[in-house]
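As numbered in the working numbering, the sequence shown has no gaps in its residue numbers, which increase by one up to the final residue, 185.
Hints are computed from structural coordinates only; laboratory data are not their basis.
Just so it is clear, the structure is predicted and the values come from calculations on it, not from any experiment.
There may be inaccurate statements among the hints.
What the hints assert, rightly or not - Cβ pair distances, simulated, as ranges:
#	residue 1	residue 2	range
1	Glu16	His160	30 to 40 Å
2	Asp99	Lys70	20 to 30 Å
3	Gly17	Gln156	13 to 23 Å
4	Asn169	His76	32 to 42 Å
Glycine included, each C-beta is placed from N, C-alpha and C at the ideal position.
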Amino acid sequence: MTTALLIIDVQNAILEGEGTPERQPVIDAALNETVGRLQSIQARARAAHIPVILVQHDGGPGDPLARSSKGWALRHEIAPVLGETVVHKTSCDSFFQTDLQEQLAKRSITHLVIGGCQTQFCVDTTARRAVSLGYDVTLLSDGHSTGDMGELTFSQIIAHHNALLRGFNAGGHAIELRRSDEITF
């Protein structure tokens with residue numbers, strides 16, 4: 001099994017405005033903790049010469065993630081180093097109309113370790129699609145984040161998706177969940 005680390009949409013403005021004024025600081029603090037864990041696993045992947053692929057969402061004009069805006073930039077903690085691949089996308093699916101599958105194929109990747117933002121959108125969609133395309137997936141149970149959504153808090157959304165995605169399978173491939181400190185390369 002050849003592994004790659006896939007970090008999705010860890011951009012400056014990814015959770016901007018995703019909570020009430022009272023909740024936004026809590027959401028931001030949780031995101032910072034998640035980014036710290038992603039930075040740690042990214043360093044371990046690099047040290048083990050595991051490919052690191054970053055996915056960056058390109059929002060339309062006026063969007064907080066509008067291409068080339070400050071909010072669009074990848075957070076400095078997980079910024080790519082020379083030679084690392086950045087895949088640009090415009091939908092929740094990191095495979096849809098991108099070169100992600102081509103990038104994985106040329107490296108003979110069969111297993112993805114996935115983390116990033118937002119849990120219920122891009123992380124969920126990409127993890128499920130990866131399995132359907134024939135990849136085994138390890139979802140970092142403490143390595144993805146989101147904002148509040150209506151009556152649901154970010155922590156409820158994360159817990160729900162961790163429970164929902166555990167064991168998702170298709171054609172002999174599946175999603176397993178592991179904490180970031182359990183990952184060895």
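Checked hints:
Distance hint check: the CB atoms of Glu16 and His160 are about 23 Å apart, inconsistent with the given range 30 to 40 Å. Separated by about 25 Å at the C-beta atoms, Asp99 and Lys70 satisfy the suggested range of 20 to 30 Å. A C-beta distance of roughly 19 Å is found between Gly17 and Gln156, which places it inside the suggested range of 13 to 23 Å. Here the CB-CB span from Asn169 to His76 is close to 36 Å, well matched to the stated 32 to 42 Å.
Against the hints set out earlier in the document, a violation occurs for number 1 only.
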